[in-house]
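Using my numbering, the first residue of the sequence shown is number 15, and each one after it goes up by one.
Take every hint as true, because none was put in to throw you off.
Cβ-Cβ distance ranges computed for the label pairs, FRET-style:
{"no.": "1", "residue 1": "Gly386", "residue 2": "Ala866", "range": "51 to 61 Å"}
{"no.": "2", "residue 1": "Phe80", "residue 2": "Gly921", "range": "41 to 51 Å"}
{"no.": "3", "residue 1": "Ala536", "residue 2": "Ala488", "range": "15 to 25 Å"}
These are computed hints drawn from the structure, not numbers from a lab. Quick reminder that beta carbons are idealized off the backbone N, C-alpha and C, glycines included.
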Amino acid sequence: MTDRATSVTPTPAAAPLWHTLPEAAALSQLQTGEHGLSAAEAARRLAQHGPNRLPEQRRRSALMRFLMQFHNVLLYVMMASAVITAFLGHWIDTGVLLAAVLINAVIGFIQEGKAESALDAIRAMLSPHAVAERDGERREIDAAELVPGDIVHLISGDRVPADLRLISTKELRVEEAALTGESLPVEKATAAVAQDAPLGDRYGMAYSGTVVVYGQARGVVVATGSHTELGRINQMLSSIESMSTPLLRQVDRFGRTLAVVILAVCAVLFLVGTLWRGHSAAEMFMMVVALAASAIPEGLPALMTVTLALGVQRMARRRAIVRRLPAVEALGSVTVICSDKTGTLTRNEMTVQRVVCAGRAYDVSGVGYEPGGECTLDGRAVAVADTPALAQAVRAAVLCNDAVLRPDGTHWRVEGDPTEGALLVLGEKTGYAQAQGEAEWPRRDSIPFESENRYMATLHRDASGSPLIYAKGAPERILDMSADQLDAQGARVPLDVDYWRRMATDTAAKGLRLLALAVKHAEPAGATLGAADMEGGYTMIALVGMMDPPRSEAIDAVARCHEAGIVVKMITGDHAETARAIGAQLDIGVGKPAVTGAEVALMDDATLRETVLGVDVFARASPEHKLRLVQAMQAGGQVVSMTGDGVNDAPALKRAEVGVAMGLKGTEAAKEAADMVLADDNFATIAAAVQEGRGVYDNLRKFVLFMLPTNGGEALIVILAILFQFALPITPAQVLWINLVTSSCLGLALAFEPTEAGIMQRAPRPPGQPLLSGFFVWRVVMVSALMAAGGLGMFLWELRNGTSIETARTMAVNAIVMAEMFYLVNSRSIFGSILNRQGLFGNPYVLMSIGACLLLQLGYTYLPIMHTVFDSAPLSLLNWAEVIGVGLLVFLVAEFEKWVIGHTALGKRLAQF
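Work the whole structure out from these sequences, hints included.
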């Protein structure tokens, strides 16, 4: 076989497991050679396999997407209301309703377009160019022209253009966090690995869309376009339908039920009126139109939009950017939050937490790259200058280092490997800065870290020319190179291998990543530092344990979530030991096993549903695993929020009821698939958003409890008038006036209600809970009956006293509106009394809305134009006293009912009904 292949690549029935094949076998399988393909063969394969780009899914036209936005029960109700108001000639109401319908449709259209751009964001991750070998020459080509069998060259800074089986590497490290969730760059090699190795452990592979951060490599293309790992995620994402939120499902059921009830009641009353009571069909039609107008909650969609929009503003102030309005409330109903680890629960800043010297283990305080903290021994601070072994360890950590620590405004950033950055921060904390070390012991030569050697070494000389070689690397490798060790006083003593191995095991059990440090006082064997200088004669200095620590605020936020009855689960691509250790510090999964992605893959759906509820830490999870875990929780009746930052998180983010992406370090694919983006990448922001979401849902429930008795009272008056052959106490036009005043002036004030105290001590509401519970139905019936009794009683009383029907109707309208104004104050709390300063004056918007409503009612009562339009009439002061009495009656009875609920066993059972 020649070095440059020219034969056609066969299309296998199933793609080989490339990570299990040696380099030569992979080249043979692809019928290619060390110098790639000929241009003619590449063109043939391009025609066979297609371009190296992700396919675009067939999409609905913009017009169809827009029209589908109207396919919504709430919008049907609003459009029906618009038809009725138009029929009655109430054109202002018609215009308002149609405008609300149009605004809702436009918002949905825009959001759907943004969701589709998640796929475009994944496609944008593909590298536009690649360096490949064609006809034995290295050429830069369009990455879309790559085909299986091409030989591709990679250098630091490159984005991997296709899935590659590596055939040669030189100190190659690849950032795979977006694809695997691995928090640190992965060291790559050419060796084959086991068949069941997870994606993050396939060291002989480089995957499309990942980034080379260090080193060089050559690899053979094994998959392009939709056949890459990135392509599989794209296919998953395009096949997933976004989940509807609990509120939308509740409102949908509520709207359908209410529509059926309204139509059924109207039909029955029409038949009763025409066939039993002998009313004309035209008269009865106007009556049932009035009934329908009074019963349709046309203010609900507008109130939902306003309430959710206010929630969006409040969340934005808390650094949570909401991309889809219903996500505001959905966060308040979640029962499970699945969080990524790196950068969300942790700082994504490696931090040295322990330094083990001979006979002593020092703890290091402070987290992240901020150089604040100290070394302590048994809880007491130590001066590094007085501890020779520790001082030597710090100097080795700073000098044997290629990273740079720089201030960046109010923060610090690391340029280079995060592990080496953590060592520089240790130096800053102990007063030994990088600049000082380089001035005292300037570097003369170095051996860079390579995965085959598992060490790095640097040669230094002081001003007098004295040599010093520092080495750092894997503990077992450094121990093999060491002949002795430093004791606590800095003297060289015989090496105690068992001690170091025991301390390494103990430190690793805490979830810390380990590095060993050693020193050699000797000249290099040759002119420069080489392999011969690493064969032995080193003095073991210390073990350094580091980790990406949990955010302190995340620890508090997880505790708040637990207090609120929300289960927090960690789903990460990191190693199980690291995930368990971080979880223990966060109080996630304590006393429970951790499950790996490989174990998830072996479970069927039924087993996974049982397992997922009892496990809180999942490690080495691939995109498929994350998606299956979310689906398993949803199948178990949970409302799931998923957080993530990588393209590997996008499918699960889209599937969850609330997908939450990281704004600072998240990929565009994750942001576009999510419902909410955290501007600060902080889990604590999610807990704050949950509180806001619960407050939003509370306000929506308060509005429903305020609105339905209003509509119910009006409807009950119309029903009683038809059944008992009274003159209609309120006309259809007056019904619409009442609804306009109460929805626009009164009801919207509840959208501004502050979150009630203790809201995060409640358990999440059951996912299947209807919008109207048995208690809500009782409250609606009770208040509706009170309002109907007040309005109808006032109407009949005035007629009996010889008042004109216009004045009687004006009294009935004002009695109903006055009752609603008093009941609005009651509605500020569903169960708690509002007979206190906070209850009466805590929401200034309630007082302002009542004031505006009073002005409108005075205009309705006394303006001549209103007399013409609505057949209203002026009232006397005595009339107004009677109207206020009706409002006070409703207010006092509603407060008495709350007292019964809070102080009697019967009332408490009623509240739980």
